[in-house]
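Trainee: Here is what each chain is made of, one letter per residue.
2 protein chains.
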Amino acid sequence: MVEAKIRPFDDLIAAYQEYSARYDFIKDPVHLYEPVGYIMKQGGKKIRPLALLMVQNTFNGNINSGFPVALALEMFHNFTLMHDDIMDNAETRRGQPTVFHKYGINAAILSGDVMLVEVTQLINKCSRENQTGQILELFLQTAKEVCEGQRFDMDFEQRETVSLSEYLEMIRLKTSVLLAASLKMGALLSKSNPTLCETLYQLGINLGLGFQIHDDWLDFYGDSEQTGKKIGGDIIQGKKSILILTALQDLDPVNQHKLLNDYKLKLNDEDKLAKIGQWFEQLDIKNKVSKRYLSYQEKCEAIIQQMECESWQKNKLREFVTLILDRKY
Amino acid sequence: MVEAKIRPFDDLIAAYQEYSARYDFIKDPVHLYEPVGYIMKQGGKKIRPLALLMVQNTFNGNINSGFPVALALEMFHNFTLMHDDIMDNAETRRGQPTVFHKYGINAAILSGDVMLVEVTQLINKCSRENQTGQILELFLQTAKEVCEGQRFDMDFEQRETVSLSEYLEMIRLKTSVLLAASLKMGALLSKSNPTLCETLYQLGINLGLGFQIHDDWLDFYGDSEQTGKKIGGDIIQGKKSILILTALQDLDPVNQHKLLNDYKLKLNDEDKLAKIGQWFEQLDIKNKVSKRYLSYQEKCEAIIQQMECESWQKNKLREFVTLILDRKY
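Protein sequences appear in the order of chains A and B.
FYI, the numbering for the first sequence is 1 to 329, going by this note's numbering.
FYI, the numbering for the second sequence is 1 to 329, going by this note's numbering.
Next comes chain A alone, as it looks inside the complex:
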């Protein structure tokens, strides 16, 4: 394979968008499939399609077989959003009404269901065409884990305390496994050796954990002009993010109790953020969580360094890691 065939990320995303635009989401009965078309046309960062196509492009060069799988992964991601938005009672997503809000709960449930089936059909077709039943098995295992992650997340909201390791396991399931599966599927489609497939999976797990921890960090320490979100949304909502969990871990039981009480207080937003911000400052949470997030970046780098492949291939992976982790928004 010659390096010349390697395409910039923007180019891969554009090729995916072109493929996706030709796909016929809306069929009869139109009330069933219209919400599918609606959510699929809403945008989003296309991280999972890019992960798959980038690996295929880097380790094989030919991405044609990857488009339907990339589409299926993006569709699966959107299926989870469609159902999660009902559970979270979310009114908007990507600046537009959620499916649940626009079409009603029943439509969001049923259109999500049919989406999950159509995703599985797409993956099964590609698995058969590429003679890799592994892709289907990996997809089903991943889909189950994503449901498990969502359940843990819902359970944690009801619980007084959650340990850091429980939190990390939750985000591994809810966020990391789908990114890891996207990278691994790219490798499976490229007929890469099992070691490379597994290494890319592990890269995806660590990248996903780093991504989510960074996301939690940005919520309070990010620049609201860059994130486009109100600072401290998680704290105002009383969500169990890595910031509060790290703080709790570093306190004795008496102070844990005090912080938890403050975290639950019904104050106006400004006072609440000031109060919790004080705790965080005392406990050096900004740096501690930043270090933790950087440790995942380092794990990704260590995984890439040990891989047995060309240095330009490693650089492509590094470029992807940077894209996912170095965002300011």
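None of these hints come from the bench; they were simulated from the model.
Certain hints may be false.
Note: identical chains are not told apart, hence a pair may lie in one copy or across any two.
[As the list claims (entries may be wrong)] Okay, derived cross-link-like pairs now, EDC-like style, lysine to aspartate or glutamate, Cα gap no bigger than 16 Å in a straight line:
| id | residue 1 | residue 2 |
| --- | --- | --- |
| 1 | Lys291 | Glu34 |
| 2 | Lys125 | Glu137 |
| 3 | Lys144 | Glu34 |
| 4 | Lys27 | Asp326 |
| 5 | Lys191 | Glu319 |
| 6 | Lys258 | Asp11 |
| 7 | Lys27 | Asp252 |
| 8 | Lys230 | Asp215 |
| 9 | Lys27 | Asp155 |
| 10 | Lys5 | Asp269 |
| 11 | Lys27 | Glu145 |
For this one, chain A is given, so just place chain B on it according to the hints.
Mentor: Chain B alone, transformed into the frame defined by chain A:
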């Protein structure tokens, strides 16, 4: 194969129940899987497992490979109930609280989702073990059609009129295809020839249509002591069953309008049933729908007669048809 291995239906259901009782529905996170175990232990007639095992037992003798597929079909059926009960706002099913009512909407959505994935995993495993990718493809196609049927059913509730052919297409999708797939999967697992597989599928379609039409008929003309249900529930709720659709088909536009108005009237139950019962009597609906339902029984018999198999095998299929169609409840 010797006929001696052929087992009575009760025996097949008991063997299925024994297999199902050993299956581990409840895993961690327990809040995700507990509702799955709850609905799977609630009972039900086990029509789909019986359909599959009966075909396997009749055309092959060995039902061991059928149990996991039978379980997956029953689990899929229960997944549809779990989500449909949210959409119908149903409080009880099989005399017990629905999952939605007992565990909440969010649990019913998410546990249904994971159920659908687990069903697909089971079917995929069996498809691979039996080297019949057709089973998985048939399952996915069926799952999609069942969602489409549910959507048509929901759409019809909002519409003023529905034609008989639209109604039949809706119940084909919502009810028949899963029964047809169950019979066909039994034949696929028995390595039957493609003609037999397709014939059993067609038998299931007609049997399912007959079953559903009979169900609608029993709602008003059944014996409430035997059905255990209040007479005329569909009419009281204003549901578009085959009774009202047949009546409308036989009227001129002016009288259609009158009947539709009566059907929408908010009267006490007794008066409503008396009013609509009068229309039905004038139009001879009891006999007309009865004839239609019998015509599907005849179609089933015609399909069985034309099959190329032993007469004792045909009799087994007849026994199954009778079991499904001749119920008084």
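Trainee: All the hints need checking, so say for each whether the structure fits it.
Mentor: Verification of the hints:
1. For a Cα distance limit of 16 Å, the shortest separation of Lys291 from Glu34 qualifies neither inside one copy, at 44 Å, nor across copies, at 38 Å.
2. For the homomeric pair Lys125 and Glu137, the shortest alpha-carbon distances inside one copy (13 Å) and between copies (9 Å) are both at most 16 Å.
3. For the homomeric pair Lys144 and Glu34, the shortest alpha-carbon distance between copies (15 Å) is at most 16 Å, but the shortest distance inside one copy (26 Å) is not.
4. Taking CA atoms no more than 16 Å apart as the test, Lys27 paired with Asp326 passes in neither setting, with 40 Å inside one copy and 37 Å between copies.
5. Within a single copy, Lys191 and Glu319 get their C-alpha atoms no closer than 22 Å, and across copies no closer than 51 Å, so neither meets the 16 Å cut-off.
6. Taking the shortest Cα distances, Lys258 and Asp11 never come within 16 Å of each other, neither inside one copy (52 Å) nor across copies (63 Å).
7. In this assembly of identical chains, Lys27 and Asp252 lie within 16 Å of each other by CA distance neither inside one copy nor across copies; the values are 58 Å within and 33 Å between.
8. When the C-alpha separation of Lys230 and Asp215 is checked against a cutoff of 16 Å, the pair qualifies only within one copy, where the shortest distance is 13 Å, while the shortest distance between copies is 55 Å.
9. Proximity of Lys27 and Asp155 under a CA criterion of 16 Å is satisfied inter-copy only: 15 Å between copies versus 37 Å inside one chain copy.
10. Taking the closest pair of Cα atoms, Lys5 and Asp269 never come within 16 Å of each other, the shortest separation being 52 Å inside a single copy and 73 Å across copies.
11. Within a single copy, Lys27 and Glu145 get their C-alpha atoms only as close as 30 Å, which misses the 16 Å cut-off; across copies the closest is 12 Å, which meets it.
When held up to the earlier numbered hints, the structure conflicts with 1, 4, 5, 6, 7 and 10 and fits the remainder.
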